[in-house]
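Chain by chain, the residues run as shown.
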Amino acid sequence: EVQLLESGGGLVQPGGSLRLSCAASGFTFSSYAMSWFRQAPGKGLEWVSAISGGGGNTYYADSVEGRFSISRDNSENTLYLQLSSLRAEDTAVYSCAKVRTGATFLVWGSAIFDSWGRGTLVTVSS
Amino acid sequence: DIQMTQSPSSVSASVGDRVTVTCRASQDISIWLAWYQQKPGKAPNLLIYSASSLQSGVPSRFSGRGSGTDFTLTISSLQPEDFATYYCQQAHTFPLTFGGGTKVEIK
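So the sequence lines, in the order shown, correspond to chains V and D.
Under the working numbering, the first residue of the first sequence carries the number 11, and numbering increases by one thereafter.
Under the working numbering, the first residue of the second sequence carries the number 3, and numbering increases by one thereafter.
Chain V on its own, in the form it takes in the complex (with noise of 0.2 Å):
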């Protein structure tokens, strides 16, 4: 059975940096492109981040490119989104996901994803 299990989450201040992770099992982690996803108290769905199987190619929301880095330990079958220059409006419950078939984006139609974790609370408040 697939399992993602985010940590890391918290309150901050603004500016503030944090570091989420995502412990994966139940499946060959290294084989999986995978990817962050955000959403905000009563809001919808948002898309982050993602990486690819291997690590190489990454991508990122207009939102937060350039403060947020996202990278993944095979070797520990764990992903991480490192959130830096935080501000109010991330503030969000933050959940990782895994592809539903494949380690890169490269192939049409692959970013869709049928495994998520049940995410964690970032609250960036003063």
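Since the hints were made in silico from the structure, they are not lab data.
In this text, all values refer to a predicted model and were calculated from it rather than measured experimentally.
Think of the CB as a built atom: it goes at the ideal place given N, C-alpha and C, for glycine as much as any other residue.
Any given hint might turn out to be false.
Derived list of chain D stretches under chain V, where covered just means 3 residues or more per stretch with a C-beta under 8 Å from a C-beta of chain V [stated by the list, open to error]:
| no. | segment |
| --- | --- |
| 1 | 30-36 |
| 2 | 41-48 |
| 3 | 51-65 |
| 4 | 88-101 |
With chain V fixed as given, assemble chain D onto it according to the hints.
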């Protein structure tokens, strides 16, 4: 960026009703569209991928149609466990984008 517009934003329906949700893309995305179901406090659940392919384990009362810019998700006979929010997501181009969601409520 590709904009995804879902309608309606909410719908009230009864058990046994047929419910259809529409998603429109701002440009041609071929068949690269997914539908997800999300219940309060829970992770999204993939229902449909590639516009019309049913994800393994998803009941056959869920179906998807469309290509290009116009897509639909249909629940043929609404069940109590189907009351939730539904999102479409385009998988054609980064940045990935979602529709605003459709909340299916009990009538």
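Going through the hints against the structure:
no.	hint	verdict
1	30-36	holds (count 4)
2	41-48	holds (count 5)
3	51-65	holds (count 3)
4	88-101	holds (count 10)
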